[in-house]
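Q: Chains W and X: place on chain E using the hints.
Chains as they are written, first to last, in this note's numbering: chain E, 1 to 306; chain W, 1 to 283; chain X, 1 to 461.
Think of the hints as simulated: they come from the structure by calculation, not from any bench. Even for Gly, the Cβ is constructed at its ideal location relative to N, Cα and C. Heads up, a few of these hints could be off.
[As the list claims (entries may be wrong)] DSS-like cross-link-like pairs, simulated, lysine-lysine; straight-line CA separation at most 30 Å: (1) K212(E) - K172(W); (2) K106(E) - K8(W); (3) K111(W) - K15(E); (4) K15(E) - K45(W); (5) K15(E) - K172(W); (6) K317(X) - K68(X); (7) K198(W) - K212(E); (8) K108(E) - K8(W); (9) K162(X) - K45(W); (10) K295(X) - K155(E); (11) K106(E) - K198(W).
[What the hints assert, rightly or not] Facing chain X, according to a computed beta carbon distance under 8 Å, are these residues of chain E, among others: (12) Y21; (13) N54; (14) P90; (15) G138; (16) H156; (17) S157; (18) T244; (19) L249.
[Claimed, not checked] Facing chain X, according to a computed beta carbon distance under 8 Å, are these residues of chain W, among others: (20) M43; (21) G69; (22) G70; (23) G90; (24) I221; (25) T225; (26) P226; (27) N236; (28) D240; (29) A243; (30) Y247.
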Amino acid sequence: MKGKQSLAKSEYKRKDNIAGYVMLSPWLFGFVLMWFLPMVISIYYSFTDFNLLNEAKIIGFKNYIRIFTVDDTFRQALKVTFVYAIFLVPLRLAFALFVAMLLNTKHKGLGLYRTIYYIPSIIGGSIAVSIVWRQIFGNQGVIMSLLSAFGIVQKHSLLGNTKTALAVIILMGVWQFGSSMLIFLAALKQIPGSLYESARVDGAKSWRIFFKITIPMLTPTIFFNLILQIVNGFRVFTESYVITDGGPLDSTLSYVLYLYRRAFNYFDMGYSCALAWVLVVIIAVFTIVLFRTQNNWVHYESGGDD
Amino acid sequence: MVGMKKNKLNSVLFHFLSCTVGILMFYPLLWLFASSMKSNETMFKDAYSLIPEVFDIATNYQSAWEGVGGVSFLAFLGNTVFVTVLGMAGCVIISLFAAYAFTRIKFKGSKFWFSCVMVTMMIPSQVMVVPQYIILKKLNLIDTRVALALPWFFGTAFFIFMLVQFFRGVPKDLDEAAEIDGCGRISILFRILVPVVKPALVTASIFAFYWIWQDFFQPLIFMSTPSKYTLSLALNMFLDPNAYNNYGGLFAMSVLSLLPTLIFFIIFQRYLVDGIAMDGIKG
Amino acid sequence: MKNRMKRIAALLLAGTMVFSMAACSSGKSGSKDNETSNPSDNTTGEATVTEAQAEPITIKIAWWGSDKRHEYTQQLLDLYTELNPNVKFEASPSGWDGYFERLSTQAASGSMPDIVQMDYLYISTYAKNNSLADMQEFVDSGVIDVSNIDENILNTGSINSKRVGIPLSTSILAVTYNPTVIEAAGAEIPSDSWTWDDYIALNTKVAQATGEPSALVSIIGPFGDTNPFSYWVRQHGGVLFNADGTGLGYEDDAITADYFQMWQDMSDANVAPDPDEQSQLAAVGKEALPIVTDKAATTVEWNNFTSVVSGVNDKLKLALMPSSSEGKGLWLKPGMFFSVSESSKVKEECAKFINWIINSEEANDIIAGERGTPVSSAVRDYMMNSGKMTEQQVEMFGYVDKAAALAGETPAPDPSGIAEVNEAFAKAGNSVLYGQATAAEAAATFREQVTEILERNNAAK
Chain E
1 MKGKQSLAKS
11 EYKRKDNIAG
21 YVMLSPWLFG
31 FVLMWFLPMV
41 ISIYYSFTDF
51 NLLNEAKIIG
61 FKNYIRIFTV
71 DDTFRQALKV
81 TFVYAIFLVP
91 LRLAFALFVA
101 MLLNTKHKGL
111 GLYRTIYYIP
121 SIIGGSIAVS
131 IVWRQIFGNQ
141 GVIMSLLSAF
151 GIVQKHSLLG
161 NTKTALAVII
171 LMGVWQFGSS
181 MLIFLAALKQ
191 IPGSLYESAR
201 VDGAKSWRIF
211 FKITIPMLTP
221 TIFFNLILQI
231 VNGFRVFTES
241 YVITDGGPLD
251 STLSYVLYLY
261 RRAFNYFDMG
271 YSCALAWVLV
281 VIIAVFTIVL
291 FRTQNNWVHY
301 ESGGDD
Chain W
1 MVGMKKNKLN
11 SVLFHFLSCT
21 VGILMFYPLL
31 WLFASSMKSN
41 ETMFKDAYSL
51 IPEVFDIATN
61 YQSAWEGVGG
71 VSFLAFLGNT
81 VFVTVLGMAG
91 CVIISLFAAY
101 AFTRIKFKGS
111 KFWFSCVMVT
121 MMIPSQVMVV
131 PQYIILKKLN
141 LIDTRVALAL
151 PWFFGTAFFI
161 FMLVQFFRGV
171 PKDLDEAAEI
181 DGCGRISILF
191 RILVPVVKPA
201 LVTASIFAFY
211 WIWQDFFQPL
221 IFMSTPSKYT
231 LSLALNMFLD
241 PNAYNNYGGL
251 FAMSVLSLLP
261 TLIFFIIFQR
271 YLVDGIAMDG
281 IKG
Chain X
1 MKNRMKRIAA
11 LLLAGTMVFS
21 MAACSSGKSG
31 SKDNETSNPS
41 DNTTGEATVT
51 EAQAEPITIK
61 IAWWGSDKRH
71 EYTQQLLDLY
81 TELNPNVKFE
91 ASPSGWDGYF
101 ERLSTQAASG
111 SMPDIVQMDY
121 LYISTYAKNN
131 SLADMQEFVD
141 SGVIDVSNID
151 ENILNTGSIN
161 SKRVGIPLST
171 SILAVTYNPT
181 VIEAAGAEIP
191 SDSWTWDDYI
201 ALNTKVAQAT
211 GEPSALVSII
221 GPFGDTNPFS
231 YWVRQHGGVL
241 FNADGTGLGY
251 EDDAITADYF
261 QMWQDMSDAN
271 VAPDPDEQSQ
281 LAAVGKEALP
291 IVTDKAATTV
301 EWNNFTSVVS
311 GVNDKLKLAL
321 MPSSSEGKGL
331 WLKPGMFFSV
341 SESSKVKEEC
351 AKFINWIINS
361 EEANDIIAGE
371 RGTPVSSAVR
381 DYMMNSGKMT
391 EQQVEMFGYV
401 DKAAALAGET
411 PAPDPSGIAE
421 VNEAFAKAGN
431 SVLYGQATAA
441 EAAATFREQV
451 TEILERNNAA
461 K
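Chain E with its partners taken away, still in its complex shape (with noise of 0.2 Å):
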């Protein structure tokens, strides 16, 4: 990497500097408005007793040292942040991919089921969906009379059970499956049709036009997607926040939620802040780690990035 670029240093123009910088400007200005800044002051906040109300006064590394010494709740919301993490990205971008997929067949009412299948994406976290979760995996609901219709009596509800709450919390992540399949929707149609056509005089089957041609051709877009799972899994707020509000006992409280609870109603902003930044450290590995390993199984047809 680092060869890399001083490599590259010696080729950079002066013409493609400016250019670059044009191109660039707009985004970099509300950047430093509306991101860099506050980032500083957040950062500043958390090494601060700052509780949203007091004058801050600075104390050090009190906050991260409490975060990583006396704050089992810190532990539990990282854990369950890490399950939901590494059980939704997999999952819902097969999901994604496989109805993306099947979406791009030629089938009549494709527009109808792109439009239904998009829905719950729009719908988001609405008290109707907390409440129709409820009714399907609430102690009413849908899932419970039919166990007990098979002869299995359980005492809680998959919703309120401490061990398989979060189940439910990830399956509704994977409910909104919409967005990774609208962005695989779109990969798929650049795909030149003429690559498929091609492979089909050659007498290509199926199976193979998918591993030979459709996968390389979306690693992009895949790598796109996982990237954006991981961080959006990580950050996951909503689906706990209205179906659950972290409980029962914790168990599906998640690490943002956690933070949020911190910051605003127990006036502890400053710890908050340093929670986010742990947070960021956290995913920003996965991240590095994941843009380490592109060049070995994305595709590029623009050649990569060098």
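A: Positioned in the frame of chain E, the structure of chains W and X alone reads:
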């Protein structure tokens, strides 16, 4: 003959599968719609039923139309449209420029700035909102509609990263050929790249539309005058767990506020179909 | 090299900006000229406020509520402007969700509205950080007339000897019961002298008849917040929190354990909801509680509950809390406050408005008890005699007088950190119901956690 039969079977299977999954997807919306027709008094007596025991469509939708907090539904709608259109336009265009710079121009610091893009995606917005509030206040933008579009207007990490990935899927010989023909960067971007990544742009616009449309947390913090509220804030004004709540009006307004997103999606999703791909250009 | 210098310069610049911004977060100096409460009063300046009869004044006011409250509060503001043409309002109505998130963010940048509706849950935290103005001078000068307000309830707005909130309404814990359900099960209607044993017996009988849990505690359950538990502790001769808000105010963990045990027994016998059923109840509003839909017999609630749900079920009745005569368990709780922010430039005008809200008949004609039982006994009498009240409201008002006679001293306002304490309490209680801890273990854990939370929040820094 056999082939046709197989096709038909395929089709039936396809529709059966799609419908089953579809009902699961559709159900909450159906529930919401049904509840928006129930009378407030019986709303929760038959909460789990899709067919209202007592219909009260007129009251609910009238109350939704009249709005909340002395502001009408149309005013909320107007605010939401303003913020969404402004935010979406800026977001898509500026992200497009940034993505182009990151993938097609070799400039100093591009890797650094790209990692900055990625970091903005990782930081939880819950801790960004207070500093953002302080900055917007310095700029005298608190409690303005512009403040709601601002976090989107200058592009977001999601779109930049997505378009970067799509651009990288487009062979460079396409734009190199155009460059030899004497095209400038802007015309390469708009004449060569944009048509190829059109499905991605449509997708981006769809996302941007509904994300800004239902954006809740930042608007909640930034706004304090109801006449400038967006629909998601208006919906929030209905509920106080310790008071008598007008759920009928709330659900009716939810339905009304979902409609534009749905319509927008239905209109634009057809452009996903004719992703022209690179054939035309290559061939 | 040149580049690096540039980068450092940029960082330094950003750094100074950040600190100048962070510094403004205190908002307590009171000398911020860019934060006048009236955007149009560039000409009026600051000294005019006290003699402002003719000067145009703008008061920013924020409250939470449902759409009904937004509607009539706007009417109130309009009426006040009609009566005092120089006073205009900028209103910020809000739902409950997000109200305090926005308020604390505004406080962080020194721009709180002038008048804010304040909850018992958070008033200590805001007071401790000097975000709220001391209104004592306006009480002393008679701008705010408190002569008809019970001393106990008035003093709930007094924190560290500063009068940071004027209570608007009173609530007292009560058992709301459903006579229809009780009669159908052949049980006896609760009397004012009933005990916890009677309470359990009644609900057991009803639950056996209906097959559904009957002993409810609002939508949040017996561990949803610490109020019902506070009643329990006071009944057993303690107080929930000690005077300086640094820990529990009672010594014997058996009190906590007994409370947990009582609910566990009821929950196990399907007399009270298990945590699973409880979260089901919490997902929908109070209107959907089984007691309202004629499926349960009782719920522990504030005394305004029958009035709140009267649109759905107008048959519900109020009874005293079980064993009310033992100990002095009951207390007058402030329903909500109006507070004035420390950064406000129009404190006296705010005080006048608050006085009008709590004492005037015309204002209370409009409010019509929606914010709870009015604090002023004169207003209560006026409304009782006006003949405009619903049956539920008459009972709600009457309950205050009946229960006040049995009530003990109102405890000090909840200490800051209460939201976290509530969370710890819920977790401790539910861990018992889930069989993950015995009642005694959970009680010990609760004490340990509360001590840690309250010391962190309230220990002298």
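Q: Could you run down the list of hints and mark each one as holding or not?
A: Results of checking the hints against the structure:
1. Between K212(E) and K172(W) the CA atoms are separated by roughly 22 Å; this keeps the pair inside 30 Å, and the hint holds.
2. For the hint pairing K106(E) with K8(W), the CA-to-CA distance comes to about 13 Å; that is within 30 Å, so the pair holds.
3. For a cut-off of 30 Å, the pair hint linking K111(W) to K15(E) stands: about 18 Å separates their Cα positions.
4. Restraint check: the Cα-Cα separation between K15(E) and K45(W) comes to about 70 Å, which exceeds 30 Å; the hinted pair is violated.
5. About 19 Å separates the Cα atoms of K15(E) and K172(W), which keeps this hinted pair within 30 Å; it holds.
6. Our distance criterion of 30 Å between C-alpha atoms is met by K317(X) and K68(X), whose separation comes to about 23 Å.
7. For the given pair, K198(W) sits about 25 Å from K212(E) by alpha-carbon distance, which is consistent with the 30 Å threshold.
8. Distance hint between K108(E) and K8(W) is fulfilled; the C-alpha atoms sit about 12 Å from each other, no more than 30 Å.
9. The hinted pair formed by K162(X) and K45(W) fails the criterion: a straight-line CA distance of about 47 Å is larger than 30 Å.
10. Between K295(X) and K155(E) the CA atoms are separated by roughly 21 Å; this keeps the pair inside 30 Å, and the hint holds.
11. Only pairs whose Cα atoms come within 30 Å are accepted, and K106(E) paired with K198(W) is accepted, the gap being roughly 20 Å.
12. Taking 8 Å as the C-beta contact cut-off toward chain X, the hint placing Y21(E) at the interface is violated, the least distance being around 13 Å.
13. Interface restraint check for N54(E): the shortest CB-CB distance to chain X comes to about 5 Å, inside 8 Å, so the restraint holds.
14. Residue-level restraint check for P90(E) is violated (minimum Cβ-Cβ distance to chain X is 29 Å; threshold 8 Å).
15. Taking 8 Å as the C-beta contact cut-off toward chain X, the hint placing G138(E) at the interface holds, the least distance being around 5 Å.
16. Interface hint at H156(E): satisfied, since its Cβ lies 5 Å from the closest Cβ of chain X, which is below the 8 Å cut-off.
17. Given hint, S157(E) at the interface with chain X, holds; its Cβ is 5 Å from that chain's nearest Cβ, closer than 8 Å.
18. Taking 8 Å as the C-beta cut-off, the interface hint given for T244(E) holds, the closest approach to chain X being about 7 Å.
19. With its C-beta approaching chain X no nearer than about 6 Å, L249(E) sits inside the 8 Å limit, and its interface hint holds.
20. Restraint check, M43(W) versus chain X: the minimum CB separation of about 7 Å is within 8 Å; hint holds.
21. Because the closest C-beta pair between G69(W) and chain X is about 4 Å apart, less than 8 Å, the hint holds.
22. Evaluation of the G70(W) hint against chain X yields a held restraint, the C-beta minimum of about 5 Å falling below 8 Å.
23. Hint status for G90(W): violated, given a least beta-carbon distance of 23 Å to chain X, over 8 Å.
24. Look at I221(W): its Cβ gets to within about 5 Å of chain X, closer than 8 Å, so that hint holds up.
25. The restraint placing T225(W) at the interface with chain X holds, with a minimum CB-CB distance near 7 Å, inside the 8 Å limit.
26. With a cut of 8 Å, the hint placing P226(W) at the interface with chain X holds, because the nearest CB-to-CB distance is about 6 Å.
27. A least Cβ separation of about 4 Å between N236(W) and chain X falls short of the 8 Å threshold, and the interface hint therefore holds.
28. Interface restraint check for D240(W): the shortest CB-CB distance to chain X comes to about 4 Å, inside 8 Å, so the restraint holds.
29. A distance limit of 8 Å between C-beta atoms decides the matter here; for A243(W) the minimum to chain X is near 4 Å, and the interface restraint holds.
30. This hint holds: Y247(W) has a C-beta 7 Å from the nearest C-beta of chain X, less than the 8 Å allowed.
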